[in-house]
Every structure is written in C-alpha cells, then in structure tokens.
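Protein chains in written order, with full-length UniProt numbering: chain A, 1 to 416; chain B, 1 to 146.
Just so you know, these hints were derived from the structure itself, not from any lab.
Hints may be right or wrong, so weigh each one.
[To be verified] Taking CB as the label site, the calculated pair distances span:
1) A346/A with A62/B: 54 to 62 Å
2) Q49/A with A11/B: 39 to 47 Å
3) R57/A with G45/B: 22 to 30 Å
4) T65/A with V17/B: 36 to 44 Å
5) I65/B with D102/A: 49 to 57 Å
6) M122/A with V17/B: 51 to 59 Å
7) S86/B with A410/A: 44 to 52 Å
8) A346/A with A53/B: 55 to 63 Å
For each residue, glycine too, the CB sits at the ideal point set by N, CA and C.
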Amino acid sequence: MTASDTHRAIEAVWRIEAARLIAGLARMVRDVGLAEELAQDALVAALQQWPESGVPRNPGAWLMTVSKRRAIDLIRRNERLERNLVELGHRLEHEEELPEVDEIEDDLLRLVFTACHPALSMEARVALTLRVLGGLTTEEIARAFLVPESTVAQRIVRAKRTLADKQIPFEVPQGAELAGRLAAVLEVIYLVFNEGYSATAGDDWMRPALCEDALRLGRVLAGLMPKEPEVHGLVALMEIHASRSAARVGPSGEPVLLLDQNRARWDQLLIRRGLAALEHVEELGGARGPYALQAAIAACHARALNPEDTDWVRIAGLYEELAKLSRSPVVELNRAVALSMAYGPAVGLELLDQIMDEPSLKDYHLLPSVRGDFLYKLGRREEARAEFERAASMTRNARERALLEERAAACRGDTG
Amino acid sequence: MKFMIVGKANAETEAGVLPSQELVDNMHAYNESLAKAGVLLAAEGLYPSSQGAQIAYSGGKATVIDGPFAEAKELIAGFWLIQVKSREEAIEWALRLPVPPGHEGVGLDVWRVFDPSDVPDDSMPAEEREREEALRERLSVDQPDD
Numbered sequence: 001m002t003a004s005d006t007h008r009a010i011e012a013v014w015r016i017e018a019a020r021l022i023a024g025l026a027r028m029v030r031d032v033g034l035a036e037e038l039a040q041d042a043l044v045a046a047l048q049q050w051p052e053s054g055v056p057r058n059p060g061a062w063l064m065t066v067s068k069r070r071a072i073d074l075i076r077r078n079e080r081l082e083r084n085l086v087e088l089g090h091r092l093e094h095e096e097e098l099p100e101v102d103e104i105e106d107d108l109l110r111l112v113f114t115a116c117h118p119a120l121s122m123e124a125r126v127a128l129t130l131r132v133l134g135g136l137t138t139e140e141i142a143r144a145f146l147v148p149e150s151t152v153a154q155r156i157v158r159a160k161r162t163l164a165d166k167q168i169p170f171e172v173p174q175g176a177e178l179a180g181r182l183a184a185v186l187e188v189i190y191l192v193f194n195e196g197y198s199a200t201a202g203d204d205w206m207r208p209a210l211c212e213d214a215l216r217l218g219r220v221l222a223g224l225m226p227k228e229p230e231v232h233g234l235v236a237l238m239e240i241h242a243s244r245s246a247a248r249v250g251p252s253g254e255p256v257l258l259l260d261q262n263r264a265r266w267d268q269l270l271i272r273r274g275l276a277a278l279e280h281v282e283e284l285g286g287a288r289g290p291y292a293l294q295a296a297i298a299a300c301h302a303r304a305l306n307p308e309d310t311d312w313v314r315i316a317g318l319y320e321e322l323a324k325l326s327r328s329p330v331v332e333l334n335r336a337v338a339l340s341m342a343y344g345p346a347v348g349l350e351l352l353d354q355i356m357d358e359p360s361l362k363d364y365h366l367l368p369s370v371r372g373d374f375l376y377k378l379g380r381r382e383e384a385r386a387e388f389e390r391a392a393s394m395t396r397n398a399r400e401r402a403l404l405e406e407r408a409a410a411c412r413g414d415t416g
Numbered sequence: 001m002k003f004m005i006v007g008k009a010n011a012e013t014e015a016g017v018l019p020s021q022e023l024v025d026n027m028h029a030y031n032e033s034l035a036k037a038g039v040l041l042a043a044e045g046l047y048p049s050s051q052g053a054q055i056a057y058s059g060g061k062a063t064v065i066d067g068p069f070a071e072a073k074e075l076i077a078g079f080w081l082i083q084v085k086s087r088e089e090a091i092e093w094a095l096r097l098p099v100p101p102g103h104e105g106v107g108l109d110v111w112r113v114f115d116p117s118d119v120p121d122d123s124m125p126a127e128e129r130e131r132e133e134a135l136r137e138r139l140s141v142d143q144p145d146d
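Just chain B, same shape as in the assembly (with noise of 0.2 Å):
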C-alpha cells in the first residue's frame, strides 16, 4: 500500500528560510535510505505559499486566491510517496524522519493513499464491454506481454 508522509509549514519554511545544512544532509541521508529500502516511490519540497494559488467555490463559482495563505500549520512544505506493507511501516518511516531540533506541535501528517486497484473498474459503458469481448476474441494476442 502507498502512503504519503507530508511535512507541516511552518514561519520559517512559509518565509522561504533555507534550512541549515546539517538538516539538507540528515534529509538526504532520509531519503538515500528510504530509496535505498526499496519503499520511496517520490518526494519532493515545496516552495512557500506566495508562488502558489487557491480556488475557493461559492454558489457555483471558483474564485482564485493567490497565496500567501493565513494559517501557516494548516499549509505543507513537502510530501514522500512510500510504498510499504502496513501502516504502522509507514508510521516506523515516518518517526526517522529527521526533525529540526526544538520542533513543537504536528510536524507530519501520514496519509493512505487510495490505490486504483482496490476499486474495480466499472466505469466501462455496456456497449465498450462488448467491443472488449469481441476484441478478446483475438485471444491472447500480447498475453505473454501482459
């Protein structure tokens, strides 16, 4: 299963505050060893809210804000995809995450995230069901491929 771990905002990552080096070498040591377990799938840090947007809705009709938005803690600074077995694994991951030290409040959140294949495909329309046994009919045309 696939889990996103998503580091908080905070002031400083809000103010563009580059962080030290020694926190840029304890998360790249992170994730050379996420990778390195076989579990990263993608992770990436994002910039301070004033170069992003959002789009609120009212009676039918979006509205775009442009950032800097108000709640810093409500607001992420950059995510890790991982695919692992269980939830606690996600959670062990997590907790090796390196934090600055001196960190108060929710610094992460992990999340589940939905897979595809846990639902079944039924979006395919009767008539495209047809033509996709017809097609099957060709048998096994790239099975081994498959």
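Only chain A is shown next, with the shape it has when bound in the complex (with noise of 0.2 Å):
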C-alpha cells in the first residue's frame, strides 16, 4: 500500500467509524464539541501512523483507545473542566473494555438530538449533523452547500460554542418532547436530501452526493428508532425520490418532469426499499403523518408502471389529509392538479379559485400557470391567456418565462 492508499483506506474508516466515535466520546465527556476534536485528534494520529504500521485489523477501536488518552491529558491540564476532573478522569480510566451495542446506540441517537439541537441556527444543525454524523470534511459540506469553507468551519465551531455555553445536555428527549425534538431532527435530514436534490446532476457530483448522505442518515436513524412511524416515513419518502434519480434529467441536464421520465430508468431496488419502509409505517399505525403521506404519493407514483396508471383519486385524497395536517397553499395547489387528473378540470379550477387570494402564494408563478392550465383545457382560451400572461411576467426563470410566454400566444392563435 502506498501513502495516499493508506489515506483513502484511512478516510474510509473515518466514514464508518467517525459518529460512533463522536457519540462514545460524548458520553464520556458530556461535550459534542471536545468529542470532535479527540476524535480528529486521533485521525491525526492514524494519519501519521497508518502508512508505516498499516491500518489495524480493529481500527475503531484504535481511535477510541487514542481519543480516550489524549482525553485524559487534556482534562488533566484543562482547568475549564477542573470540576469534574476526579470523576471524568476515573471514568475514562477505567473505561478500557469496549462498550456494549446498546450502548453505543444510545449514544448515537444522543449525538443525532443534540447535533440537531433547537438552540442552534438550521445552518449550524445541517453542517455539525453532516460533520458529526455524516463524517464529512468541512471542505465537503462547503463544496455541497456552495459557500466557502471558512463559513462551515465558523458554523461548526459556533455551533459547538452554542452547545457548551448554554450547556446542552447530550441526551435524548422524553416523552412530549421527543416528538417536536424529533420533527426537527427529520427536518435535517430532509433538508439535506432536498439540497442535494435539487441540484440537478452534471456540474458537481457533491450536491447529487447528499441525497446519499441524507439516506444514509435516515436509514440509520430508522435502526436507531425503529418504532418511530415518521422516520420510517422519511425513509421512504427519500427512497423512492432517490430512485428517479437517473430519469429526472435530460441528455443536455435539463430537468424532467416526473410524468415524462423514462420509468424504465427508475431504480427498483430503491422503490422495493421505500414500499417496503411505507408498510412498515403502515404496520406501526403511522400512516397519516406528514412525511407517510408524501411517501404514500411517490409510492402511487412508483407504482404506476405508465403515467397513465397514476391512480390520481388516491393522490388527491392523501393530498387532503396532508392539507389538513400542514395548511399549506402549495399542498393546496397540488391537490387542485390531482383534483384535475382525476376528476377533470373544473374541480381543480374549484378549489384553486378557493386559493386565489392567499397571500403565501403573491408570488408564486405556478399559480396563474396551473389555472391557465385548467382554463385552457375547458376552453375558455382567453382567460387562459391572460394567466399564463400574469405567470410569465412573475417567473424569474427565462426557459420557464420562454414557455409561458409560447402557451399565452398559443391561446391567441386559437381564439383568432
């Protein structure tokens, strides 16, 4: 092996190891952000090491032995922690076997609420959750949210701060409160997965990256709360996201659209796995959350083997249920799309009259571009105009302005 084999074997294991070394390491000291640093500190040490005396055969439990020293020298000297060095020190000491599964999980799902701590700005939670949880460099969470490196840097350590000043506790929730705490833990991962997949492909492979760094989140999430229907829900609704992946854009990287996709290119391994985690949810009796019903609509998506087998009255009543849990005008305006795919034009036109005026939607070009939409399908072509007229002059995207602009002279032509 040579040196730069040993540091990618080294990254590797960095990978697979980092959060559970993290999460251990917390324990131990009760602070996230002295945790990361032993831990990097021992990935200093296998760095320098490694490539002459080869990696290990237990290398995880190598880099805790050497965080687990380098901790206790530093609370030796740290007087910041001066009040519990009799204890922690005699802890850490004796401390030498290796801790059992449970365990670990334990601290694990502490590191996930902690790290997506309410205290800490959305920013902070997304970059500590990557690096803590995800194992990725700062350099990679910068080149994925495409801002420079010295800002991740500064929100992980802010973030660390945050957590040590207002004394965190590196715990899980109870009761009532597990259930918000929990929501903003899935908002995280989520958020991840979203960032990377709106990034369309081709450019940089980072943002495509994150939607498998959110997964990967999620899944092991899922193994960490296996009786939490919503995790298993995310899970699902990501899965079978992540498998449009290579139907989703075009030969030039153009996006497109999901009733237009190649299906033979979605990936049925994924789908398997996001209707497997759905029924899972559905055994757990949590279909009716958020994050169920948006998997519930990919899965009537994923079902249907040609965009005409959509079963669209399925998808316009758990876009009900989702209206009602989460009153949002877009969901609204989604329901009114499958309101029109299953039962025609004019009760889409019904309902998205219903929503004409909310505020929310001011300036959301899709509006006036779906009612032009239904308007055109009932013929009523001059009305129609007249919205794909409004939406052009809103959208602030030229291709789409292009399109809306073409549909309005469309209208015209007919009509004269």
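The task is to assemble the complex, starting from two chains supplied on their own in separate frames and drawing on the hints.
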C-alpha cells in the first residue's frame, strides 16, 4: 500500500467510525465539541502512524483508545473542566473494555438529537450533523452547500460553542418533548436530501451525493428508532425520490418532469425499499404522518408502470389529508392538480379559486400557470392567456418564461 | 456509489453444507452492522450451482447447461449490495466480513455496480422528445412532487 492508498483507507475507516467514536466520547466528556476535537486528534494520529504500521485489525477500537488517552491528558491540563476532573478522569481510565452495542446506539441517538438541537440555527444543525454523524469534512460540506469552507468551519465552531455555553445536555428528550425534537431531526435530514435533490446532476457531483448522505443518515436513524413511524416515512419518501435520480435529468442536463420520465430508468431496488419502509409505517400505525403521506403519494407514482396508470383519485385523497395537517397553500395547489387529473379541470379550478387570494402565493408563478392550464383545457382560452401572461411576468426563470409566453401566444392563435 | 461484495463458492458451499452456528451468528451481526450504518441495500445467499443453470452461446444458438458447474472457485455463494462513498469504504466493509477460520485463496470480490445516472438517457427518440416538450408546456404540474 502506498501512502496515498493508506490515506484513502483511513478516510474510509473515518466515514464508518466517526459517528460512533464521537458519540462514545461525547457521553464520556459530556461535550460534543470536545468529543469531535478528540476524535479529530485520533484521526491525525492515524494519518501519521498507519502509513508505516499499517491499518490495525480493529481500527475503530484503535481510534477510541487514542482519543480516550488524549481526553485524559487534556482533562489533566484543562482548568475549564476542573470541577469534573476527578470523576471524569476516573471514569475514562476505567472504561477500557469496548462498550455494549446498546450503549453505542444510545450514544449515537444522543448525538443525533444534540447536533439537531433547536438552540442552533438550521445551517448550524445541518453542518454539525453532516460533520459528526455523516463523517463529512468541512470542505465537502462547503462544496455541497456552495459556501466558502471558512463559513462552514465557523458554523461548526459556533455550533459547538453554543452547545457548550448553553450547557445543552447530551441526551435524547423524553415524553412529550420527543415528538417535537424528532421533527427537528427529520427536518435536518430532509433538508440535506433536498439540497442534493434540487441540484441537477452534472457540474458538481457533491450535491447529488448529498442525497446519499441524507439517505444514509435516515437509514441509520430508522435503525436507532425502529418504532417511530415518521422516521420510516421519511426514509420511504427519500428512497422513492432517489429511485428517480437517473430519469429526472435529460441528456443536456435539463430537468424532466415526473410524468415525462423514462420509467425504465427508475431504480427498482430503491422503489422496493421505499415501499417496504412505507409498509413498515403502516404496521406501526403511523400512515397519517406528514412524511408518511408524502411517501404514500410518491409511492402511487412509483407503482404506476405508465403515467396513465397513476391512481390520481388516491393521490388527491392523500393530498387532502396532507392539506389538513400542513395547511400549506402549495399542498392545496398540488391537490388541485391531482383533482384535475382525477376528476377533470373544472374540479381542480374550483379548489384553485379558493386559494387565489392566499397572500403567501402572491408571488408564486405556478398558481397562475396551473390555473391557465385548467382554463385552457376548459376551452376558456382568453382567460387562460391572461393567466399565462401573468405567470410569465412572475417567473424569474428565463426558460420557463419563454414557455409560458409560448402558451399565451398559443391561446391567442386558437381564438383568433 | 454502489458496490457488490461477492462471496465466492467453495467445495463446501457447493455441497450445500450448512455453515456453523457461529458463522451464521457472525454473518448476522455483520449484516446488522451494515444496516445500522445505513449502507446495506440488499444481501442474499445463493444455493449451490446444482440448483441453477448456465446458458452457453455458439453459432447464434443458446444452449442450457444444467448445474452443478465444474469450477467451484469461479462460482459465487452470496452477495451484498452496499451504497458507500468510495471504493476504499467498500473494501473496508468487505474486510470486516466474517470469514471462516482456515480460509485460503480469494474469498471475496468487490465490484463497482453500474449506476444508470452515470450516463444520461439518450435512448429517447426525437419524436418522443417532441412529445415530451409539448407535455412540459403543461408546466410543472407535479414538480413539487417530483
């Protein structure tokens, strides 16, 4: 093995071990920031020693031993932790044997909830989660989110300081608090997924790779919290969305809409995994949660071999439930589209007209664009033209504006 | 990226000898660790080749050859499909696979699995692409859902 081979092997070990290592250390020193630094120190030691000595047989245990030794050294020197010194030092020195599997899982779960603590900004939660749980480097996170590396480094430093200053306990919340905090955790994972998903393939491979990072985090969380239906719901949603990756970008990098996608390019393995996760949600009795409902909608599309086989009646029903939960006008808009597909454009238009004055949709060009489409299908060309023109004036995307202007022109051609 | 770790067959797996309880337990723990790390997509064990068949081609004709096949070391006994960040990570996972004591020679292959998103879909004929363009004019009908 050359030195660079060893470096890549160490990176691989890091990817696998980082979260468990940091989680275990955080429980011992009760400080996520300090735990992360100790783990990083061990990584540096590995980078120095392994190229010569070779990768040890149990690299995870090696890293843990080195980190713990550093922790003991540090605690002896560090006044900040003086009050805990005796107890902590004693605990560390006597915790030589490897922890039980259950213990590691509890630690990991605590790490998840601490990294996604509401005391941190959303950006900080995302950066810290990817760093300590995903094993991503600061550079990788920066590239994925298209921000300078120094910004990410700062976010992580600040996040760790906030956790320490506010003395946020390293724990999984209990009882009523759990649901709210779990929602925050799921939000972070889904945000990471969407950051990768909304970027089209091509230029920067890091962004699509974020989808895989999010899926991995989701699958880990599902393993840690097997009884929480919404965790499986989110995993199902991500698996099914990810199954379409290859089909949603055309030959020149242009996005291909769902109904136009080549379904032969959908990843059947991911679809099956998604459907299985969704079944699991149902067994747990959580099919009415927001992620489960979104996953169920995605599953309707995944089950249809051809676009025309899509069960729009079911989709419209699922959107109705989702709308009750979220009261989001965007969900209502989607529901209107599903209704029009299921029962015709007049039904869709009826719902759409109820949300036309929604202030949050004031600048949303899809609203007039969809309304124009319904009107067009109903033969009300002049009204449709006005809507397409309105939509064209609202969109900031040149390509989309051109399409909308074409549609407006087509309405005029039909009437005159 | 996806990798397939392929477990090679040997005389024992081909004879259908069941592995020891210890190996089964270790394998179970290994699969669990892959799943807990969020990297496991699928894993299956294969029956001996006597239950399968080979298809051979000659002069444009296909011939079915019933198992078992001659070279046990060229056969496979099972596979794991994993999704990881790098070839090195796939190898690191493969290295952690429990191998029965006394095993000699190649026991595992690590293959990178082709991903359809590695190449764009240009299988769409021009006519269909036009149709697609026309459909797209309906504009973002289900974009939020995609």
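Hint check results:
no.	hint	in the structure
1	A346/A with A62/B: 54 to 62 Å	holds, 56 Å
2	Q49/A with A11/B: 39 to 47 Å	holds, 41 Å
3	R57/A with G45/B: 22 to 30 Å	holds, 26 Å
4	T65/A with V17/B: 36 to 44 Å	holds, 39 Å
5	I65/B with D102/A: 49 to 57 Å	holds, 50 Å
6	M122/A with V17/B: 51 to 59 Å	holds, 55 Å
7	S86/B with A410/A: 44 to 52 Å	holds, 50 Å
8	A346/A with A53/B: 55 to 63 Å	holds, 57 Å
Figure legend: structure checked against the earlier numbered hints; every hint is met.
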